[in-house]
Structures are given as structure tokens and as C-alpha cells.
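S.K.: Starting from the known structure of chain S, arrange chain V on it as the hints suggest.
Next come the chains, spelled out residue by residue.
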Amino acid sequence: MTLDLLPPRRPARIVAVQWDLLSPDEAKRLRTLGIDEGAQVTVAHRGIFSGRDPLALEIGRMTVALRRVHARAVTVQEGAEQVGERA
Amino acid sequence: MSKLRTAALVGNPNAGKSALFNALTGARQKIANYPGVTVERKAGRLTLPTGEPLNLVDLPGSYSLDPASPDEEVTRKVVLGEFPGEAMPDILVLVVDAANLEQHLVFAQELIALGRPCVVALNMVDLAERDGLVIDPRALEQSLGVPVIATVAVRKRGLDGLLEAIANMPAQEQHVGPASPTSQASMSERRQAARKMARGAVLSESREHRLHARLDRVLLHPWLGPPILFALLFVIFQAVFAWATPFADALDAGISGLIDVANEVLPAGLLRDMLTQGVLSGVGSVVVFLPQIIILFAFILVMEQSGYMARAAFIMDRMMAGVGLSGRSFIPLLSSFACAIPGIMATRAIADPKDRLTTILIAPLMTCSARLPVYAVIIAAFIPATSVGWGVGLQGLVLFALYAAGIVGAMAAALVLRRTATKGGTSGFIMELPRYQLPALRDLGIGLWQRAWLFLRRAGTIIFWVTVVLWLLLSFPKAGPGESQSEVSIAGRIGSAVEVVVKPIGFNHEIALALIPAMAAREVAVSSLATTYAVDAEDEEQAAEGLIPQLRAGWTLPTALAFLAWFVFAPQCLSTIAVARRETNGWKWPVVMLLYLFGLAYIFAGITYWLAVAAGL
Numbered sequence: 001m002t003l004d005l006l007p008p009r010r011p012a013r014i015v016a017v018q019w020d021l022l023s024p025d026e027a028k029r030l031r032t033l034g035i036d037e038g039a040q041v042t043v044a045h046r047g048i049f050s051g052r053d054p055l056a057l058e059i060g061r062m063t064v065a066l067r068r069v070h071a072r073a074v075t076v077q078e079g080a081e082q083v084g085e086r087a
Numbered sequence: 088m089s090k091l092r093t094a095a096l097v098g099n100p101n102a103g104k105s106a107l108f109n110a111l112t113g114a115r116q117k118i119a120n121y122p123g124v125t126v127e128r129k130a131g132r133l134t135l136p137t138g139e140p141l142n143l144v145d146l147p148g149s150y151s152l153d154p155a156s157p158d159e160e161v162t163r164k165v166v167l168g169e170f171p172g173e174a175m176p177d178i179l180v181l182v183v184d185a186a187n188l189e190q191h192l193v194f195a196q197e198l199i200a201l202g203r204p205c206v207v208a209l210n211m212v213d214l215a216e217r218d219g220l221v222i223d224p225r226a227l228e229q230s231l232g233v234p235v236i237a238t239v240a241v242r243k244r245g246l247d248g249l250l251e252a253i254a255n256m257p258a259q260e261q262h263v264g265p266a267s268p269t270s271q272a273s274m275s276e277r278r279q280a281a282r283k284m285a286r287g288a289v290l291s292e293s294r295e296h297r298l299h300a301r302l303d304r305v306l307l308h309p310w311l312g313p314p315i316l317f318a319l320l321f322v323i324f325q326a327v328f329a330w331a332t333p334f335a336d337a338l339d340a341g342i343s344g345l346i347d348v349a350n351e352v353l354p355a356g357l358l359r360d361m362l363t364q365g366v367l368s369g370v371g372s373v374v375v376f377l378p379q380i381i382i383l384f385a386f387i388l389v390m391e392q393s394g395y396m397a398r399a400a401f402i403m404d405r406m407m408a409g410v411g412l413s414g415r416s417f418i419p420l421l422s423s424f425a426c427a428i429p430g431i432m433a434t435r436a437i438a439d440p441k442d443r444l445t446t447i448l449i450a451p452l453m454t455c456s457a458r459l460p461v462y463a464v465i466i467a468a469f470i471p472a473t474s475v476g477w478g479v480g481l482q483g484l485v486l487f488a489l490y491a492a493g494i495v496g497a498m499a500a501a502l503v504l505r506r507t508a509t510k511g512g513t514s515g516f517i518m519e520l521p522r523y524q525l526p527a528l529r530d531l532g533i534g535l536w537q538r539a540w541l542f543l544r545r546a547g548t549i550i551f552w553v554t555v556v557l558w559l560l561l562s563f564p565k566a567g568p569g570e571s572q573s574e575v576s577i578a579g580r581i582g583s584a585v586e587v588v589v590k591p592i593g594f595n596h597e598i599a600l601a602l603i604p605a606m607a608a609r610e611v612a613v614s615s616l617a618t619t620y621a622v623d624a625e626d627e628e629q630a631a632e633g634l635i636p637q638l639r640a641g642w643t644l645p646t647a648l649a650f651l652a653w654f655v656f657a658p659q660c661l662s663t664i665a666v667a668r669r670e671t672n673g674w675k676w677p678v679v680m681l682l683y684l685f686g687l688a689y690i691f692a693g694i695t696y697w698l699a700v701a702a703g704l
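Sequence order for the protein chains is S and V.
In terms of our numbering, the first sequence has 62 at position 62, counting the first letter as 1, and numbering is strictly consecutive.
Counting the second sequence from 1 gives a position; our numbering is that position plus 87.
Please note: incorrect hints may appear among the correct ones.
To be verified - Examples of chain V residues lying across from chain S (beta carbon under 7 Å, computed):
#	residue
1	Tyr-150
2	Ser-151
3	Ala-155
4	Asn-187
5	Glu-189
6	Gln-190
7	Met-274
8	Leu-307
9	Pro-309
10	Phe-401
11	Arg-405
12	Gly-515
13	Phe-516
14	Met-518
15	Glu-519
16	Leu-520
What the hints assert, rightly or not - Some chain S residues well away from chain V (every beta-carbon gap over 12 Å; in silico):
#	residue
17	Thr-2
18	Leu-5
19	Arg-13
20	Gln-77
21	Glu-78
Please keep in mind that the hints were generated in silico from the structure rather than gathered at the bench.
This one's a predicted model, so the numbers in the text were calculated from it and none came from an experiment.
Here a beta-carbon is modelled for each residue, glycine too, at the ideal position from N, C-alpha and C.
The shape of chain S in the complex, shown without the other chains (with noise of 0.2 Å):
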């Protein structure tokens, strides 16, 4: 499932992100933000108008914003981290 199709408020993984679907400076910056392989994240918030764009994005202690044709980009596995780890 892609990040996009995740429901609100579901905590996931991410397994995979297709970097080649983003411009090489968005694809920098969800990496220095910790969007990358192996993060934990949850949707937090997403807008209102045409597809919800944008989305709110929990991940660690920190809320990111994206669209959602990055979303798109990233593959995810939903499910929480086991025990002794941050949801």
C-alpha cells in the first residue's frame, strides 16, 4: 500500500521509497526529515479539499507535511513497532 492510501491515525512502516518518482531536492528533503526506509509514521491530519491533499505526517516526535504526490512515492506496511520502540 502506498503512504497516500493510508487511513488516518494507522500507525505503518515504510518499506520502500521510489525515489525516482520525486525531483532530486524533495527526495533530499523527506530524507533529512527521517522519511526513508524503516521509519515509523502515522497520518495524522490530511486537508480538506480535492484527494485531501496535504497530508500531516507523524513520525517520531515530529509532524511533516507532504502532498500526496509524494505519499504516492512511498511504500507502506501498516502495523505497529514491536514492544521497547516508539509508536
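M.R.: Then chain V, alone, in the frame of chain S:
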């Protein structure tokens, strides 16, 4: 140790760098140009506990040394000593957010790997504790290998310890040539290490529900968020007018009083005329807008410092995407309501170059505070203070329409520009939404003081000189009997030439005259009109009557409306054009900006004039 050492504050955005900088330097700071939040180069002086003076620089927030925006480029260059005219900092003060270590330690590691003297300011430990997170600075110190000092910038906690650590940094021999980042760990390796270090440093952590998540649930709610934002914007604009009035009236009375005093004390003559008709009426007519500017900036600063501004960007992103921009452009555009200059400078945080350029080009369409004097005077003179019902006044409605015209014009311009001059791929929107925090009074105070000072300095320099020169040009040569001073004078002749061009759109001689000095700054239009009419006044009494009755006597309603329409679009601000030139590295885009804005101004002023005349107004 004779050399003055420089320390630089470096860190991720939202690490509390600006607050730390304010806490360390107090009001002793120098902003090289017009400030945006941590966008401009800020430097300050302080004294270390050893008595050694220290130069402190606040660098723009960055996520890494590999820049993704012009902002980050500056940070990289300064840190590596590659910035022309800027000494390489002797000490790096890495500011990290205690509540978000696994993110902030990524960049910190990259900086420490440079091998330069580093101190870590573990900032906002109080907010971390509020979120149920207790951090051990010693553990962090061990894993990072550099001194770590816990600080709460907004409460001045831990500052002595931080200064001591800075003082203890060895005075390093200057590198020969710029340092370059040594080949170091990859970003994902640093991220893993950051995660490990962060976990190792956490003493206790509760799963307390974080305040910001609860606030976001309301403020970013798909149905509640946008109405809340628009209500807030409405309150801001209401406040700018309603709250400022008593202060503006008091200032106005003070200036009138000064004119009376000058008229009594000074002997009649050239000097007195210049002082009263030129300086006091001219500069005074601009200074009365200080209260409005302070109120507008107070709201913008609170929105920025509380973390709400990023939410506003989130809410606005979809709408901005409609015209080919992103939510990121919302922040510079909102700042442009105060002044386009900090607005244009704040575009440095926009990563996409086409996005950034478009935002720069449309920023002057946002109704800046310099237009306010123009609008306020014309509205007061020509729009009756009647109510249109539901407690809404006609004057306020016209003002709202002028603001709306600017916004609609800007959006339309963005739409066209993104399909023509700044064509390019769709822009992205990726930004961190910082945690909410209460703005500190000191940071707010310093921010407001800096902006008020910049405004007054402008009034005291540019506007002062323009007014004086205009007064001189208006006063000579002296008109003979039966002639109008403002037509016979040198300025009058220049105005007559301009009048030929602007007559078709309903502008009279006085307006043509005011447009030229108003190129320096829009608000000069008011002081120019004031000076022109003061010079033309037959006696003291008529001059003292003020501008508004004279405007009513001399202008028709269609002319006044056309004048308002002109100022919605006209790029009459040399400083904005100069900043646009600097930010776009050349004359091409400022010229594009000038042409398209003057074109729009001419067309819309013309349409307004002819429609109003046709409607029999």
C-alpha cells in the same frame, strides 16, 4: 587571544535558535538588512564570563550541509568559511531540540564531523519535559564527544553554562583555506546513530499525550481549520484598523502640535516653511502609521513564534497549489502584508526555484503597510462613513475590497506566470510542522522593536530626504500673482510631463506630481500630496486644515477611485525592486516585475476611472 572570536548558532529549523540568540545578545544585535525570521544574517556582541568579547552569528535553520534551499546554502557556506566577506566561525554552537533528538542529532553529527570546536546547546528541555521526556545531557556528551549544555532559551536557563563552555573552547589556529566536510557517514548511518544516541540519553519517557497533537486535531481539522484561519486573518485586519486608531490620532495630534509650535517660535521664512510644510507634514504623515505596522507585525510574529504559521501554510497549500504555488509561499505572502521586503527575503526558505521566483514576483501585490497611508487618506476623504448593515461600515468594506483586489490579482498573476515566465514542474510542499509553544515576550519585543526601528529609520532617511527635495522643487521658482505654485515650480513642470501619460486614467496634476517621489516609497504619495497642497495653500489657516478637505475640493470621486486602483498594483517602492534584484541575481526579473505591475496598474486604474465616470459617480 587578541583576535575577536566568532561563534555561530547552527541547527535544524525550529530548534529555538532565534530565541537563544535573543537571550544571549539581548537588544545588542545587528541585522544586516531587513529581517525575516532567521532568514537574514543576524549578528550580535556579548561578553564571555572570562571577559572576552564574542561575536555571535545566528545562521538560517538547516537540515544538513547539503543545501536544499538558498537559506541552507548560506548556512553551509558560512560554516565552511566559503561565504565571501564572512569570517569562518571559530566555534559552532549546535542548537538541538531536546524533544526531537533523533532528528536534530543527524545534522549535529554532520557538523561535529567537521572537526571544528563545537558546543551543543540542548535547547527547550522544558518543552521536552512538558512532553514527558527527561534527557541526560551527560550521556549525550559522552556519545557525541563534545560539551552538551541543557538550556531553555526563552527562560534564560543554562546560558551561563553555555557561555562558559564557549569560553573554554580552545582558540584554534585559523585553518589555511576553507575546511571541507571530511568524507563521513551517510545520512542513514547518521540517522541510525542519532536514534541510538537519543534513546541512550532519555532518562524517562511517559506516554503523556502531547499538547500539539490535541491542538492540531482542532486547528488542522479539515472542516474547522480553514474557518479558524480565516477568522484569525479577519481579526488581524480588524485589529490593524480599530486598535491603531487612538494611537494614530495621538501621534497626529502631536505632529500638528509641533507644527503649531514651529510656526510660533520660528520667524517666518524659508527655514520655517521647509520645516513645517516639508519635514513635519511630509514625514509626519507617514509616522502616524507606525501603530498599524506594529499591530500587524505583532500578529505575524506571534503566528510565527507559536508554530501556527506552519499550520496556516498547511491549510493554504491546496489553494496555493491551484495557482501553481505551495503552502510555503503563504508565509512570505502574509509577511508581505506588512512589507514586501521581509516577504521577499522569506522566500529563501522555498526550495523550488520557480516557486520562489513566482512568489517574489507576486509579493508586491499583497497590500503592504505602506499602501495603508494612501488608502486611509483617500478612503477618509471620499468614502462616506456609512453603514452597509450588520455593523459593517462602507469605509471598511472598500478597504477590504482593496486588499481582496491585491490577493486576487496576485493569484491571477501567479497562474499566468506559472504558465509563461516561470513555467516548470509542479511544485512540492514538504515542511516540518513545529511544536506549539507560547511566544516569549522578549522575543516578541525584540522582533517588534527591530521592525518599528526599520520603519522609523526609513521615515527619517528616505522619506525625509524625498520630502525635503520635493518641497524644494515645489517651492522654486516662486509663482507670480494668479499662478499656482505647484504648477509653476520645477516639480510642477516635471509633473506636467507625467500628467500627459496619466491623464487618460483620470489623474490630475497633483497626482502626477506625487507619483514620482512615491517611487521611493508608496507612503510618500501622501506626504507629497500633503506638501504640494501645503505649498499651494494661500494662508496658514488653509494649510493647517490638512490634506483631506483639500483632496475633497480638488478631486472627483472617479479620480480618487482610479488612484486607489493604481496603488493596488503599482510597484512604487525602490527598496522592493532593489531586494528583488538582489534575490534574483540580476535585472531581468525586477524589470519583468516593474513592467507587468505598472501595466496592470495603468489598465485597472483606467477601467475604474471610466466605469466610475460612466456610472455618473
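S.K.: Are the hints correct? Go through all of them and say.
M.R.: Taking the hints in turn, this is what the structure says about them:
no.: 1; hint: Tyr-150; verdict: 4 Å, holds
no.: 2; hint: Ser-151; verdict: 5 Å, holds
no.: 3; hint: Ala-155; verdict: 5 Å, holds
no.: 4; hint: Asn-187; verdict: 5 Å, holds
no.: 5; hint: Glu-189; verdict: 5 Å, holds
no.: 6; hint: Gln-190; verdict: 6 Å, holds
no.: 7; hint: Met-274; verdict: 6 Å, holds
no.: 8; hint: Leu-307; verdict: 4 Å, holds
no.: 9; hint: Pro-309; verdict: 4 Å, holds
no.: 10; hint: Phe-401; verdict: 5 Å, holds
no.: 11; hint: Arg-405; verdict: 5 Å, holds
no.: 12; hint: Gly-515; verdict: 5 Å, holds
no.: 13; hint: Phe-516; verdict: 5 Å, holds
no.: 14; hint: Met-518; verdict: 5 Å, holds
no.: 15; hint: Glu-519; verdict: 6 Å, holds
no.: 16; hint: Leu-520; verdict: 4 Å, holds
no.: 17; hint: Thr-2; verdict: 16 Å, holds
no.: 18; hint: Leu-5; verdict: 17 Å, holds
no.: 19; hint: Arg-13; verdict: 14 Å, holds
no.: 20; hint: Gln-77; verdict: 19 Å, holds
no.: 21; hint: Glu-78; verdict: 20 Å, holds
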